[in-house]
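S.K.: As a plain string of letters, each chain reads:
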Amino acid sequence: MLINHLRDCAFMALSKKLLVIIALVVVAIVVLATVAWMILTYNGLVAENEKVDSQWAQVQNQYQRKIDLIPTLVQTASAYQQFEASTLANITALRTQWMESLTNEDQVNVTNQLDAQLATIIVTYEAYPELQSITIVRDLFYELAGTENRIATERMRYNEYVQDFNAHLKSFPASYVASWGDFEEREYYESPVAPPAP
Amino acid sequence: MKRSLTPAFALLALLISSGAATADYPTLVYYVTDQVGVLTESEEYDIEDICVEVYEQTGAEMAVLVVNTTLPDGIDIFAVKTFEQNGLGQEDKDDGLLILVSTEEGAWRIEVGYGLEGILPDSKVGDIGTTYMEPYLAVADYYTGIYEAAYALGVEILDNYEGSPQSSDSQYPIPWIPLKTWQLVLVIGVVATLAIVTKGRVLFWLLFFRNWGGGGKSWGGGRSGGGGARGKW
Chain V
1 MLINHLRDCA FMALSKKLLV IIALVVVAIV VLATVAWMIL TYNGLVAENE
51 KVDSQWAQVQ NQYQRKIDLI PTLVQTASAY QQFEASTLAN ITALRTQWME
101 SLTNEDQVNV TNQLDAQLAT IIVTYEAYPE LQSITIVRDL FYELAGTENR
151 IATERMRYNE YVQDFNAHLK SFPASYVASW GDFEEREYYE SPVAPPAP
Chain D
1001 MKRSLTPAFA LLALLISSGA ATADYPTLVY YVTDQVGVLT ESEEYDIEDI
1051 CVEVYEQTGA EMAVLVVNTT LPDGIDIFAV KTFEQNGLGQ EDKDDGLLIL
1101 VSTEEGAWRI EVGYGLEGIL PDSKVGDIGT TYMEPYLAVA DYYTGIYEAA
1151 YALGVEILDN YEGSPQSSDS QYPIPWIPLK TWQLVLVIGV VATLAIVTKG
1201 RVLFWLLFFR NWGGGGKSWG GGRSGGGGAR GKW
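Chains V and D are the protein sequences, given in the same order.
Reading the first sequence from the start, the letters are residues 1 to 198 in the numbering used here.
Reading the second sequence from the start, the letters are residues 1001 to 1233 in the numbering used here.
Calculated directly from the structure, the hints in this document are not laboratory data.
This structure is a prediction, so every number in the text was calculated from the model and none was measured.
If you want a taste of the chain V side facing chain D, the calculated C-beta under 8 Å gives, among others:
1. Asp139
2. Tyr142
3. Glu143
4. Gly146
5. Asn149
6. Arg150
7. Ala152
8. Thr153
9. Glu154
10. Met156
Glycine is no exception: its CB is placed at the ideal position from the N, C-alpha and C atoms.
Okay, chain D solo, but in the shape it has when bound (with noise of 0.2 Å):
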C-alpha cells in the first residue's frame, strides 16, 4: 500500500511545482530572457553587462525578455502582467523598466515602472524604440536593435536617476542557489538523510521540482501601471 503511494506523492510535488513555478506569464530568471532563441549566449551578456550596471549605481531593475507571441493578450498586457508578476524595481521605488520583443506579432514595448516615468517620458521612451531598436528589428538583427535600445534607456536612467546603488556580488557561495552557506549545508544534510531513508528515491522526486537551481536574479517587487511605449515593424 504504502509502496503505491510513491507516484502519487511524485504527481503531487509535480502539480504543486509546477503550478507555482509556472504561472501565466513568464518567470524572468536573469535580465535577460530569451524563449525564442534569437540571441547567443554572448550577446546576451553584452546585455546584460548593461543592466548589471545600471542596478549597481541606481539599483534600477531593467529586464529583456524575448518572446514568440503575446497574444490573446496582446503586448500592453502581457507587458504589464509580466512586469507585475516578476516585480521589476525596488518595491517602495518601483523603478524597473522591461524591455519586450514579440516576434511572431513584429512588436515591441518598453514597459516603465512607476518609479522611473518621471524621467522616462513616453515620448522619450517611444523615440528611443523607434529610433535606436525598430531599424534593427526589421531586419532580424534583434541584438543590435535590443542592445542599442537597453543603452540608450540604460544612459538616461543613469545621467538622471539617483535611486540607491546596489551590489549585486552574489551574497551566496553558489551564485545560482540562493542559499546562505548555513542553509546550504542544512539543505544538504536534510536532502542526505531523507535519501538514506527513502533509499534514494527522494532524488528522484527532487527532479520533478522545476524552478530547481533557478535563482538566478530574484527581483524587487515593483510595479507599473502602463507608462512606456510600443511599435511595430
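One chain only, chain V, in its complex shape (with noise of 0.2 Å):
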C-alpha cells in the first residue's frame, strides 16, 4: 500500500518535471522563431531601403548622361536656324545650374525646366521633315530620346522599389521592427514633365 503511494507520488513529480521541460522548449522555440523571424525582417528593411538608394543613383546617372549630352546638343543645333538661339541659351544655362545645384531638390526642379525647353527643341525637330534627313541631327535627337527613355524606365523602377518598401514598412506585423529601426517612409519621384513623344 505504501510503496504503491510512493510510487504514483515520484510519477506524478517526474510527469510534472517533464511537463516543464516540454514547456520550457516550446517557449523556447517560440521566442528563437520570433527572434529569428526579427532579424530576417530587419535585414529584408535595410536591402530594400539599399536598393531604393542604388536605384536613384541609377536615376542620377542618366541625368548625368542627358547633361553630358547637351553640349554637343546645343553646338550641333546651334548651326540651323530652325532652333531658336534663346531656347539653346537656356539650355546652357540650366545645364551649368544642375552642375552648381547642390541637393537633390535643386536638381529635381532643374531638371524638370531643363526637361521642358528639351521638350520645345524636341517639337522643332519632328516640325521640320528636312532636320530629320541629316544624319548628324537625327543621331543626336536618337540619343536624347534614348536618353529620356532610360530617365524614364529607371525612375520607373525606382518608383517600384519605393513602393515595395513603403508597403513592407507599413505592413503588419512588420511595422514593429521597422518602427525599432530607423526606417523612413521613401519618397516618389513623379516627373511633372512626362517624356515627349515620338
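Each chain sits in its own coordinate frame; assemble them with the hints.
M.R.: Here it is, written out as C-alpha cells:
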C-alpha cells in the first residue's frame, strides 16, 4: 500500500518535471522563432532601403548622361536656324545650374525646367522633315530620346522599389520591427513633365 | 464528398497555372513570337536563323515580338517590361535585344540590354530602324522589315561583341520539353502512376496546365534599361 503510494508520488513528480521541460522547450522555440523572424524582417528592410538608394543612383547616372549630351546638342543645333537661339541659351544656362546645384531637390527642379526646354527643341525637330534627313541631327535626337527613355525607365523602377519598401514598412507585423530601426517612408519621384512623344 | 471536390481542384490548378504562365506581358517562347500572324512559319525560321547564329557565336539573345497593340502602356514601357519579364540576355551580361513591332499603332521599338548599349548606341539602332525596317513596315511587308533589321543588328553584334559562345544544341532528348532523360522517365512514371490511381482523371487535369510543353527557349535573365530607339510609320 505504502509502496504503491510512494510510486505514484514519484511518477507524478516526474511527469510534472517533464511537463515543465516541454513547456520550456516550447517557449524557447517560440522566442527563437520570433527573434529569427525579427532579424530577417529587419535585414529585409535594410536591403530594400539600400535597393531604393542604389536605384536613385541609377536615375542620377542617366541624368548625368543627359547633361553630358547637352554641349554637343547645343553646338549641333545652333548650326540650324530652325532652332531658336534663346532656347539653346536657356538649355546651356540650365545645364550649368544643374551642375552647380547641391541638393537632390534643386537638381530635380532644374531637371524639370530643362525637360520643358528640351521638349520645345524636340517639337521643332519633328516639325521640320528636312532636319530629320540630316544624319548628324537625327543621330543626336535618337540619343536624346534614348536618354529620356532611360531616365523614364530607371525612374519607374525607382518608384517600384519605393512602393515595395513602403508597403513592407507599413505592413503588420513588420511595422513593429520597422519602428525600432531608423526607417522612414521613402518618397516617390514623379516627373511633372512627361517625356516627349516620338 | 470527395468526388465533388475534383472539379474544384481542377479549377484551382487552372487558376494557379494561368496566374503563373500569363502575367501582364507576353511570354517569348522562342526567338520569334508573332501574336498577330503577319509572318509565315518559314519566314519565322529565316529570322530565327539569324538569332541562333548570334546566340551560338556570342551568347547574346535576340528576340522578335509582333503584337497588335502595346496600349495602355505605350511601346517604351511595354518593351522594357516584356524584356525584363522574359529576361533576354545572360544574367550577368545583360546582352539581350528585343525587336518589337506593334501593328495597330504602326510603331516599332528596338530595346537594347544594358550589356549591348556600348556597341549599339541609340543613334545606330535608330538608323537601323529607320533605314532597314520602317520603309517595309510602312507597306505592310513585315517579314522584309524585321529580317533586314535583325540581320543588320546581328551583324553589328557579331562584329563588335565578344560575349561567350553558346551551344544551342538541345541537351534534352525531346527538344521542346526541357527535361533530361531521367527527369523525363520520372515524370512519365509519376503521371502513369497517378493516372492509374485516379483512374485517368489526372490526364484531364494536365490539360489545364497551359505551360505544358512550352519549353522552347529559356532566356538568360538579362535586363535592359530603356536603351535603344523607337519610331512610327
